[in-house]
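Required output: the full structure, derived from the provided sequences and hints.
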Amino acid sequence: MKFSHRFSSLLLASVCMMSTPPLLAQGVEPQATSANNATPSVDEIVHRTNHVSYFQGKDGRAQVQMVITDDQGRSRQRSFTILRRDRSDSEAVTDHAYLGEQQLYVYFNRPADVNKMVFMVHKKRQADDDRWLYLPALDLVKRIAASDKRTSFVGSDYFYEDVSGRSVEEDTHELLRTTDNYYVLRHTPKDPDSVEFAYYDMYVHKQSFIPVQVEFFDKNNSKYRVSRALKVDDIDGYPTVTEASMENLNTGSKTLMRYSQVRYNIGLPDDVFTERYLRTPPRQYLR
Amino acid sequence: MPTTMLADKAVYFALSHPKTVARVTAIVTLVLLALAAVPNFVDVPGLKPVTVDTDPENMLSHDEPVRVFHDEAKKRFDLNDIVVVGIVNEANPQGVFNQASLKRIYDLTEFAKTLNWPAEDETEPNTDAELPQGAREGFSEGSSGETRKGVVAVDIIAPSTVDNIEQGGLGSVNFSWLMPQPPTSDAEALQVRDRAQRIPFLNGTLVSEDGKAIALYLPITSKDLSWRVSNALRDYVEGWEGDDKVYITGLPVAEDTFGVEMFIQMAISAPLAMLTIFLLLWWFFKRLVLVTSPMIVAMVSALATMALLVISGNTIHIMSSMIPIFIMPIAVLDAIHILSEFFDRYPQHKDRRETLKVVMHTLFAPMLFTTLTTMAGFLSLALTPIPPVQVFGIFVAIGVFIAWLLTMLFIPAYIMLIDESKLQGYGHAGSVGEEDHTLMGRGLSAIGRGTTRRPAVVLVLTLLVAAVAGYGITQIKINDNPIKWFGPEHDIRVADRVLNDHFGGTYMAYLALSAPQDAGVDKAQLRQALQVKKEELGSAGLNTDLVEPLDAFIASQAAGQADDFFSAVGQYVETQLSNAAGDDYYAWDELAIWVDARRQQQQVFKQPETLHWMAQLQQALVADDKVGKINSLVDVVKTVHRELLLGEEQAFRIPDTANAVGQTLITYQNSHRPQDLWHFVTPDYRQANLWLQLTSGDNRDMEAVMTRLDTFLQDHPAPQGIEADWFGLTYINVAWQDKMVKGMLKSFAGSFLVVLVMMVLLFRSWLMGLLSMIPLTLTVGFIYGVVGLIGKDYDMPVAILSALSLGLAVDYAIHFLARSREAVRQQGSWKAAVSHVFGEPARAISRNAIVLSAGFLPLLAAPLVPYQTVGIFIAAIILCAGIATLVILPAMATLLQHQIFKHPMYKHQMQKQNAEKG
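Chains as they are written, first to last, in the working numbering: chain A, 1 to 287; chain B, 288 to 1205.
Derived by calculation from the structure, the hints in this document are not laboratory data.
Everything hinted at is true.
Straight-line C-alpha distance at most 30 Å; calculated DSBU-like pairs for lysine-lysine:
1. Lys361(B) - Lys925(B)
2. Lys190(A) - Lys219(A)
3. Lys223(A) - Lys362(B)
4. Lys820(B) - Lys116(A)
5. Lys573(B) - Lys644(B)
6. Lys306(B) - Lys644(B)
7. Lys916(B) - Lys390(B)
8. Lys810(B) - Lys820(B)
9. Lys390(B) - Lys219(A)
10. Lys362(B) - Lys1026(B)
11. Lys223(A) - Lys436(B)
12. Lys219(A) - Lys436(B)
13. Lys916(B) - Lys361(B)
14. Lys361(B) - Lys223(A)
15. Lys306(B) - Lys709(B)
16. Lys913(B) - Lys362(B)
17. Lys1029(B) - Lys361(B)
18. Lys821(B) - Lys116(A)
19. Lys124(A) - Lys58(A)
20. Lys925(B) - Lys116(A)
21. Lys916(B) - Lys499(B)
22. Lys637(B) - Lys306(B)
23. Lys223(A) - Lys390(B)
24. Lys532(B) - Lys219(A)
25. Lys219(A) - Lys362(B)
26. Lys821(B) - Lys810(B)
27. Lys190(A) - Lys390(B)
28. Lys1079(B) - Lys1026(B)
29. Lys116(A) - Lys810(B)
Remember, predicted model here, so these are calculated numbers, not experimental data.
Written out as structure tokens, the structure reads:
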């Protein structure tokens, strides 16, 4: 889903206007099914969406400008750099080979008082993720217990899980309907007590498999949270969401993320994602 | 006198055309009622349906600075009024921290989340203007949530809705819901308690300090929904098994519930008072058919006034709901004088027309003046700065006028319409000339004799009473508390006691701490600092040349608004940064951070010294034993800091640097409820808010806390020009009380003078005028002296009653003095007149006093305290005024008889009258 967007693709407008999406290089399978105009299986839609959202390329980086605006129009900003590296070398979707462990490194630039703060994640497939937080002003490396991933990401309307990606195995999926441009999926959690939503609906663009809009519903069938892809660019051949928003309809708060200097396959070494690098950030990858 | 002639003409008209008078009265009343009632059922242009306003906040007008600030600050910190729901279990040794109780509380919270409803006519438009048309085709309707009213679910404080921050395994820090699911065992339930008690924000707020009870805090979008919300909750817990007891309180609930019960009260008390007056009148004047007339006058006056109130578009407020209760006694007052006089004179004339002519002629002037003085008393309320009190004063005055008009015209007409045979044998046994052997008659004669024989004793006693009253007045405690408007056994009072016993407090007050709007920029100082930064860059081996263009840019910027300034400079460096090549990137990055850090120095509430001062302030305020709890940014920072540092107690402190505070706060925002932070500080960190929980809503207790703040600020001046301002309902009540008391005092003084002038004009004698003010002054003094002595709080109803006493207490004096002067005229001397004065006139005054004071005693049975207060006070005022008039005035008249009854005007009048008779 969200943070996801940095690795996902296509300005929505271009999505709508493009008859054929750009064929993607770098080991991405040709999207034969959609080109044939036959509806792919639910499993295929889900995994293509997941791939385009979180797994494009062997690794990637982006600078993010985040603006959180509350219901009174007061806004605050954060800027950070995200590094991501996949353990899996494959990008094959059909056999789920693209799925694998992932590493994330989020380095905060602004505001000045959180400069050099780092948030690091080791995403596991079966076990709980490992998460670290480095607070330079307290010279403190903290592990964050994995109990709940649906807490706010640095005060924004995005959750940690939106940034790191919710595992497709945690939900059951169904295709509600197909419109001219979208596959409309409904995802229902297998363990409803572990999450605050009852289900969420995802509007997946047919050609690019970008989740253009995701809507979360509570137990009373009331929509309370909406994620949107607002701008999509083609970067290094990957359709990449470069502007996205998350709105909390209950609080009236909205977070906008703008991605810049997005690059894929930059050859991030494995050891960047270790505790050692929390205190001494890998500067060459962050600028 | 021309007025008397005019009055006589009016009375003659009523006597000759009684049916017309009755018809006109009936038609006018019905038309008014229809105009007031119809708009409730069908739309009528220009007319509004009845609107009820039970919000004591409206005691202050909407543009009152205190209120404007209150509303603004509530918005600024995203605060709502709160319904407090306490769950207490006295039977279980673990209190509510057992599996079954927590399950129920979990379910109750889930239920509370659903207590909101779509707000009408408020749908937010979808504002995704950037997207091409049709781009969102197929998405489900309404991308923004509809506006809802009721419980603000996201801000509920309950075990299942708040976050817990604590140590996890491997020295990690853990953010989780405090109670994501109901516990599966009693041991787990205790863990919920222990976790909550470790968090200062929750201990004493969510969990009672004794660890036995839980309080849920339900923010509501507006106060007038609290009755609906609390009723729904009460219904929900109706069938709860087990020993959990649920208590619901908080000022919003009290205020809204009061509004609902007020109407029930109006429907019961007012008619009950009427009934009592009616029965007493019947007993005094024997003829049912006669005593019906004052009842009609009272009813018509009250109904017509209320109808006019509604027609004129005024709301029915706590104050205006009391209008009928004030109008009714005043309305029957004049009628009783007429009946009393008629009762005594009828046997003489045996002709109602003739009797009425004499009666109305005799009573016209005193009745006119009593009416005018009463109106003056109430109209003076229009000068108070409190809108509902103004409306109250004006409409009671209107009602009094209507009552007078009806008394002058309708009562004579009514008596004329009675079958004369029904009056057979009617009249007082001891009418003019005969000895009065009734208890009242004998008693009054005794008073007359006693007071005129020993006037000095009366005078001394009066002075004694005045002295004691004077002392009592100095002891008056000005205080109010809307919760105490309910009787001690009312559910809300019980809940109030129980919950304030267990928790930090159910009364909310807030203290806004605000740094000046914009601190401005000291450019010279900034550029100096930049040179220091330059040296740092140099020693780090970075390019120092880049400082020059930045310095030039800073120099070129206007220093006006700090926000604009830093935004421009920030943009400049960030642009340089994104264009930088090679190692210049790192130099620009350093400079960009430097600029942003400078900008962040404006965030005064991230500065450790500010937070230390706040902590001191908090300590000073919480020292008050009525302040149960204070929640603020300081506690948030300390708690998170402690949990980051392995949960050790010595880490429960404010970190040393602003950056450390900033990082602590961003860590806090990694929770489920990051928005909670904005209840304590604004996103620009220039305004902060202390949330005080008070165990008492008494204005005096709030004032004591306010005094503590003032003292603290004197001893510990606020850093950075921070200003402290109160807001919150508990404070608003203090603000309007303050206005009320001052306003009342002024208006009372004003109307006292007006009445005095009127008395002087009426009696054409300064001395008589001053004399007539004595019973009134003594009554008011005595009543308020008693209030002070018995320790009854001087609250809203008590304040209003000063106006009533002014209006009522002077009436008896007018009647007494006017009739005394007339008697002296007829009898030639005061000595000879005394027995006459203590005949019919004294009887009329006594009957009046007894009927009215007894008539208001049923209000004592009311469950709402302000009505009880009004009841007992009206009774006391009337009784005191009656006694003061009958005891002090004859004594004074005896002492001053040569002065007051030898006034040239009086002589002239007597001669004129004698000449007329002759």
